[in-house]
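Spelled out from the first residue to the last, the chains are:
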Amino acid sequence: MVVTASEGSHTEVEEGHPPTATGLSNEKVAMWAFLGSECLLFGALISTYLLFRGRSTPGTITPSDVYDILFTSVSSFVLLMSSLTMVLALAAIQRGDHRRLRVWLLATALLGGTFVAGQMYEFTIFYSEGLKISTNLFGSSFFVLTGFHGAHVTIGVLMLLSLWSLSVRGKLPTHRSETVELVGLYWHFVDVVWIVIFTLVYLIP
Amino acid sequence: MATDTGTASPDRPAPDGGAVVGGATDEAGAHHKHPTEKKYIQIALILAVITAIEVLVYYVESIEDYLVAILLTLSVIKFVIVVSYFMHLRFDSRLFRRLFILGLVLAVFVYTIVLTTFEIWKS
Numbered sequence: 003m004v005v006t007a008s009e010g011s012h013t014e015v016e017e018g019h020p021p022t023a024t025g026l027s028n029e030k031v032a033m034w035a036f037l038g039s040e041c042l043l044f045g046a047l048i049s050t051y052l053l054f055r056g057r058s059t060p061g062t063i064t065p066s067d068v069y070d071i072l073f074t075s076v077s078s079f080v081l082l083m084s085s086l087t088m089v090l091a092l093a094a095i096q097r098g099d100h101r102r103l104r105v106w107l108l109a110t111a112l113l114g115g116t117f118v119a120g121q122m123y124e125f126t127i128f129y130s131e132g133l134k135i136s137t138n139l140f141g142s143s144f145f146v147l148t149g150f151h152g153a154h155v156t157i158g159v160l161m162l163l164s165l166w167s168l169s170v171r172g173k174l175p176t177h178r179s180e181t182v183e184l185v186g187l188y189w190h191f192v193d194v195v196w197i198v199i200f201t202l203v204y205l206i207p
Numbered sequence: 144m145a146t147d148t149g150t151a152s153p154d155r156p157a158p159d160g161g162a163v164v165g166g167a168t169d170e171a172g173a174h175h176k177h178p179t180e181k182k183y184i185q186i187a188l189i190l191a192v193i194t195a196i197e198v199l200v201y202y203v204e205s206i207e208d209y210l211v212a213i214l215l216t217l218s219v220i221k222f223v224i225v226v227s228y229f230m231h232l233r234f235d236s237r238l239f240r241r242l243f244i245l246g247l248v249l250a251v252f253v254y255t256i257v258l259t260t261f262e263i264w265k266s
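Residue numbers (this note's numbering), protein chains in the order written: chain E, 3 to 207; chain B, 144 to 266.
Quick caveat, the hints were computed from the structure, so don't treat them as lab data. Incorrect hints may have been included.
What the hints assert, rightly or not - Below, a sample of chain E positions facing chain B; criterion: calculated Cβ distance under 7 Å:
(1) 22
(2) 26
(3) 28
(4) 34
(5) 36
(6) 37
(7) 39
(8) 45
(9) 47
(10) 50
(11) 76
(12) 80
(13) 82
(14) 89
(15) 130
To be verified - List of simulated lysine to aspartate or glutamate pairs, DMTMM-like, C-alpha gap at most 25 Å:
(16) B:265 <-> B:180
(17) B:181 <-> E:124
(18) E:134 <-> E:67
(19) E:134 <-> E:124
(20) B:265 <-> B:208
(21) B:182 <-> E:124
(22) B:265 <-> E:67
Using N, Cα and C, we set each Cβ at its ideal position, and we do this for glycine too.
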């Protein structure tokens, strides 16, 4: 079955590719399975943080000594808005609007880059206040958790810039909108993980 | 998470009365109807408001006893909104939903047991 761009979202199967056993795009099934497994990875990191944060050596630095909630709230807002620009990029390619696709992809990458820059600034401040990865259990679990998340965001930014580059060179036609959708799924997942981290790590005392 | 009966189909509008676009439903249960751009912006505004409420609640001392419950509830609402609408899990195949929920439930189950084993709830 072949559908046109005006008929909304697409899977490879619908776009005339060979049929799959599930009737769904294999790439999309793989991405959802990957995201399901990522829940376990971040679950482990968040649990470790929750377990360790109140068990540091007495007298050493604690979360309340270093956290700047207002700063992190702005970072969270930036990442949340990047999910909006990502979904607008997907909507743009699905209707064949490649100019807006590039605008929204670039906007998403810039917002993601801003988030990572904010995280690096936060790390620098914490370091200058005496919190290092080896300082205590809180420091170790905090830097590992947020560092892993930051690495995921950085990989997402690189994928977004790759998509932008492909689009500029005309190698991302409308019928390949699923590529944008897959990167979008990864990006939104990174966002939902931060929603959980922001609450459990920063806001809950 | 939306149930199958609550999902939009070509013959039936989305239960939220929402604007949806797109066409077909395949045999795997995929409903290819995604929200419009206007709807996406409305959803983003809702998420921004919830985030603002979270930060506000953090600074209100009079509700300190309920802080954890309120923050967890707001966090779950944001999580479900992003996964349902931005990741299209509400509109896509049931298989995708099952794959993701399997990982999520397994993670919550396993790590709740781990944290309980280490008696974190007492500290």
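Here is what the structure says about each hint:
no.	hint	in the structure
1	22	violated, 9 Å
2	26	holds, 5 Å
3	28	violated, 11 Å
4	34	holds, 4 Å
5	36	violated, 9 Å
6	37	holds, 6 Å
7	39	holds, 6 Å
8	45	holds, 3 Å
9	47	violated, 10 Å
10	50	violated, 9 Å
11	76	violated, 10 Å
12	80	violated, 11 Å
13	82	holds, 5 Å
14	89	holds, 5 Å
15	130	violated, 24 Å
16	B:265 <-> B:180	violated, 46 Å
17	B:181 <-> E:124	violated, 34 Å
18	E:134 <-> E:67	holds, 13 Å
19	E:134 <-> E:124	holds, 12 Å
20	B:265 <-> B:208	holds, 16 Å
21	B:182 <-> E:124	violated, 34 Å
22	B:265 <-> E:67	holds, 23 Å
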